Amino acid sequence: MDKMLKIGKYEFKSRLFVGTGKYPTFQLMKEALEASGTDCVTVAVRRVNLTDKSKESLLDYIDPMKYKILPNTAGCYNVGEAVRTARLAREVGLSDMIKLEVIGDEKTLYPDLSGLIEATKTLVKEGFTVLPYTSDDLITALRLQDAGAACVMPLGAPIGSGLGLTNPMNIQIIISRLKVPVIVDAGVGTASDVAVAMELGADGVLLNTGIALAKDPALMARAMKQACEAGRAAYLAGRITRKYFMAEPSSPKEGILR
Amino acid sequence: MDKMLKIGKYEFKSRLFVGTGKYPTFQLMKEALEASGTDCVTVAVRRVNLTDKSKESLLDYIDPMKYKILPNTAGCYNVGEAVRTARLAREVGLSDMIKLEVIGDEKTLYPDLSGLIEATKTLVKEGFTVLPYTSDDLITALRLQDAGAACVMPLGAPIGSGLGLTNPMNIQIIISRLKVPVIVDAGVGTASDVAVAMELGADGVLLNTGIALAKDPALMARAMKQACEAGRAAYLAGRITRKYFMAEPSSPKEGILR
Amino acid sequence: MDKMLKIGKYEFKSRLFVGTGKYPTFQLMKEALEASGTDCVTVAVRRVNLTDKSKESLLDYIDPMKYKILPNTAGCYNVGEAVRTARLAREVGLSDMIKLEVIGDEKTLYPDLSGLIEATKTLVKEGFTVLPYTSDDLITALRLQDAGAACVMPLGAPIGSGLGLTNPMNIQIIISRLKVPVIVDAGVGTASDVAVAMELGADGVLLNTGIALAKDPALMARAMKQACEAGRAAYLAGRITRKYFMAEPSSPKEGILR
Amino acid sequence: MDKMLKIGKYEFKSRLFVGTGKYPTFQLMKEALEASGTDCVTVAVRRVNLTDKSKESLLDYIDPMKYKILPNTAGCYNVGEAVRTARLAREVGLSDMIKLEVIGDEKTLYPDLSGLIEATKTLVKEGFTVLPYTSDDLITALRLQDAGAACVMPLGAPIGSGLGLTNPMNIQIIISRLKVPVIVDAGVGTASDVAVAMELGADGVLLNTGIALAKDPALMARAMKQACEAGRAAYLAGRITRKYFMAEPSSPKEGILR
Amino acid sequence: MKITLNGDARDIKNNSTVKELLDFLKLKSETVAVELNLAILPKNEYDNRCLKEGDKVEIISFVGGG
Amino acid sequence: MKITLNGDARDIKNNSTVKELLDFLKLKSETVAVELNLAILPKNEYDNRCLKEGDKVEIISFVGGG
Amino acid sequence: MKITLNGDARDIKNNSTVKELLDFLKLKSETVAVELNLAILPKNEYDNRCLKEGDKVEIISFVGGG
Amino acid sequence: MKITLNGDARDIKNNSTVKELLDFLKLKSETVAVELNLAILPKNEYDNRCLKEGDKVEIISFVGGG
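Residue numbers (the numbering used here), protein chains in the order written: chain A, 1 to 258; chain P, 1 to 258; chain X, 1 to 258; chain S, 1 to 258; chain H, 1 to 66; chain V, 1 to 66; chain B, 1 to 66; chain U, 1 to 66.
The set of hints was computed from the structure by calculation and includes no laboratory data. All values derive from a computational prediction rather than experimental measurement. Careful, some of the hints might be misleading.
Said to hold, decoys possible - The calculated label-pair distances, taken between Cβ atoms and stated as ranges, are: (1) Ala9(H) - Tyr244(S): 51 to 61 Å; (2) Thr241(X) - Pro24(A): 43 to 53 Å; (3) Thr17(U) - Pro252(X): 22 to 32 Å; (4) Lys253(S) - Met1(V): 28 to 38 Å; (5) Phe24(B) - Lys125(X): 51 to 61 Å; (6) Leu38(U) - Lys215(S): 22 to 32 Å; (7) Asn14(V) - Lys107(X): 40 to 50 Å; (8) Phe24(U) - Phe26(S): 24 to 34 Å; (9) Asp2(S) - Glu126(A): 54 to 64 Å; (10) Asp8(U) - Lys215(S): 36 to 46 Å.
Built from N, CA and C at the ideal position, the CB exists for glycine as well.
Throw the hints in and build the complete structure from the sequences for me.
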């Protein structure tokens, strides 16, 4: 059997991390989360909606006994906002993990790398288990590791774009150089994207839109689960090397009728 | 549940077709075939080895009750050889299916397309269930369908190359235009290659070297199985559309602390 | 200086072949052809338009002293039509070269490979200089060479698609295996596509839509000319080998201030 | 005619910037620089070699009247080293431009982005014309622009790798968002790589190894020159849009013999 | 008495505690966090911490996000 | 006299030669090719080859194409 | 008596049947196919079909392949 | 008199100026830059700036680089 994935003091059986945003209904979300086999779901931190009481609460549909809660700092555009949001998230009392986002640009939602490193240092000092959402830049990944991040989460492509891994070599370079786990976060559009990331040697994949906005979220969630396991198994099994410009027969060359 | 795959008069639960060549040992092959979950295995037709008696026989390791046998005409370089080999294969009495190969070049093992069409016509007339190994050329695929092929099997890349799908658009064009099933044959190097093929809408995938020469064939076989199911599920689930140059937040834009 | 390109008994200084279709006006076409530096332009064979007399004639804008005329058999869907059209084209008296097209499908305009080989044999016997438009299939390319084709013209992508080379490896395989010149025909969308083809070792490139429907045809024509020369020069100059996952400093490692 | 490229207070006719490292001989370098048509060459700053007097000096082969000199800070691993090197480079008296490199990792030579921004601020205050070598990260590029960089120079791939543009979308995003010129620096392996960069809308390309280590540097330099002009022209000419899964005939559909 | 609650002005009963405010808003203290005048308020203070005129109160919870 | 010219029925002067037909249509023989009843007609026969009732004539030329 | 078996010359007992040959070679008829002088020999003829001097016999079976 | 030149200990004539050092090293002042004890030395000081025992001198120039 494959070993558990360790991030900080936490262990996960599944290597898939799934977001809870953008589902047509909470019920569909619940089914998708189950189908995904994930142990850990991300949530956003927002002001309680005081006008609309009717609104059901996300937490009515997520069993904290079943899923570890990973709050994010989505929507934070500077270190101060991100740190403040992280502290409030922890105060809720369900998790001291934080998916740290310090967004640098509204259109691409690419991270502000300097701000990210600074916020990571601050939150690590305060005892958070920090999972920073970063770019595919090796140097930043190394700095985040030095800053005490529990893992690094390089983006495969812009959040919600569904483009998959736009620069697999950079992801592979990060994987080959870091000691902490590498979770590919953002950009996953379909199952094969997850398999590709895991085959590069990623320790896990985090995704949301790819499942939530699929025509059939639960079915896509199952696909992501299998692709994650398939990619991991293929990585461990040791793929064949690529041969260019030529073929290698799989049937014997001897004993052919002539 | 997903519907069965029908090829001619035969039905298959698994959409993965696995070859029996190049495994380190028959025992490892047996374990890999089991792990792959396949219903159908390909075999080559060769002169019985009369010198080396010791040699175990392939069929001692394959239960014809468990796996449908799909003999191939690998190594045949013209229509005559291919038809002769197909007839002998059927005479063994285990299957009237034939994976038809008419090889046009020894270095690339690319098919001779005109010869392939001619041999297909002949064998269909003789009542064979013909599964032709072809290139990713749409026109040839249409001619093979007209000739009565039970499916078409375009190559993703040269046999044994492990390059995956070198021209996904051509495969997708074939899938979108044919009525008979499309099985991607050859070129698969790792699990994600299988997922990609299935996500394009392929009805199945046939592979051999990718499993047989992996460091751990049984583990890679399981990876291929999961990737095949993952890709199929993702295809049925309806993936999100790709967005270029921009991101789409998965967390709400409202209620952010300011 | 680079050697001339020989196709059959003809020699060309420029390795760019340019079509004459789809330009906004004949005048823009004339300017584009000049800017492209081509020696050889393709034309289509059609019934004279008897209703609209006003219509200017293409040949008023093409000086046969300056450009070799290469008629095509575009729109022919079987061997008979293609051969009949080729004979009429030659009878006009401007050229015995024929860009042979036997189209197999209206939507993709992919060639009918068997028909193409048959038509090539017929026209070669009749003394034509045959330039067949074919797929990127090596075996067909070899058969066309055997049939006496003066060169082979594999498609990079569907005609007019502007997708560039969708399967560079197959083009490179053909280049490495054929004795007659290989001209990449169809699919070119922009200058770099031409450079890529020439860098693979192609002997020339044929294009039409990429220039004719560009916003500024004459400027794009100049771009295609330069890209063709650039790609050819790069091929002859011998590119550096690719290095993965690591860098190689271009500045010395010694003498650095510390 | 195309407009001049302005970087800070300087203007360039050629959009190609060429390095002076790694040539087999100074004479071959001189010929390559001429063939490249560049106006601006990069040089490294190093301790004078006092042991080996015989050694010819680079500057004997570069006419400062003909080429603007762009010294780099290659080999500097922190802000202090980079600033110190830049000051010394300027003191030589040939140029106040500096190709600013703050390297973050010896194996990939990827830049230290935080250090790069800091060093840019310092040198801009001191009146330098700063051309920072950066990653393809949009946010960093925007910060560098804010810091007063005269242009930004995102890498296409690791220095000397010859891999071309590994993430064209990121380069295109930077181009679309910055006001200062964008020069693609590093990774170029062959002519088409330059054309691709310019077609994305890059204002220029900087390269060294691709020319210096080609089998025939002068010929490759000419190829790079033509590719740069070709890519620029294609960008200005407005390429056709890509069409997937279908073709568009370039010959008329009317008047075909039937 | 006037306070600012999640950015909006709001009238509440004088001297009401944070706990009373949450109850009034039908919010379970286990699923929210409270920030009082930009400082986090520990859950164990909800019962006896009284709100004052002009206090800035932020009450946050978790919503769907990625 | 009726012939089929490029697929359409057409009335022309009796016994007119191909050359006369081309002149009437204002077509230069150097830029066209003529097919008479599915067989190519060599240019040197244009002058003296007379057309007959019901002949199928195709006159083609070059147009822009790729 | 001499025959050609799978491409090689071979001496076998006179008038032996295909079945006898298979038994001698320790081959099960259910896992092979036999071609006699380039024509397939149906399994039901193995028992009584006698081989003749100079016969060309091919015996094939299945091996690992893709 | 001992100085450190480009990282190596070096004996030079007492009280020699930077200009004299460059001349001795056969270096043209137009193609180098000089750092004296970690501070850049302007070219116009080469002539009259005398070196002292223990000075740290760096002389740099341009070499091939990318």
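Each hint tested on the structure:
{"no.": "1", "hint": "Ala9(H) - Tyr244(S): 51 to 61 Å", "verdict": "holds, 55 Å"}
{"no.": "2", "hint": "Thr241(X) - Pro24(A): 43 to 53 Å", "verdict": "holds, 51 Å"}
{"no.": "3", "hint": "Thr17(U) - Pro252(X): 22 to 32 Å", "verdict": "holds, 30 Å"}
{"no.": "4", "hint": "Lys253(S) - Met1(V): 28 to 38 Å", "verdict": "holds, 32 Å"}
{"no.": "5", "hint": "Phe24(B) - Lys125(X): 51 to 61 Å", "verdict": "holds, 56 Å"}
{"no.": "6", "hint": "Leu38(U) - Lys215(S): 22 to 32 Å", "verdict": "violated, 44 Å"}
{"no.": "7", "hint": "Asn14(V) - Lys107(X): 40 to 50 Å", "verdict": "holds, 47 Å"}
{"no.": "8", "hint": "Phe24(U) - Phe26(S): 24 to 34 Å", "verdict": "holds, 25 Å"}
{"no.": "9", "hint": "Asp2(S) - Glu126(A): 54 to 64 Å", "verdict": "holds, 55 Å"}
{"no.": "10", "hint": "Asp8(U) - Lys215(S): 36 to 46 Å", "verdict": "holds, 39 Å"}
When the structure is compared with the earlier hints, a violation turns up for hint 6 alone.
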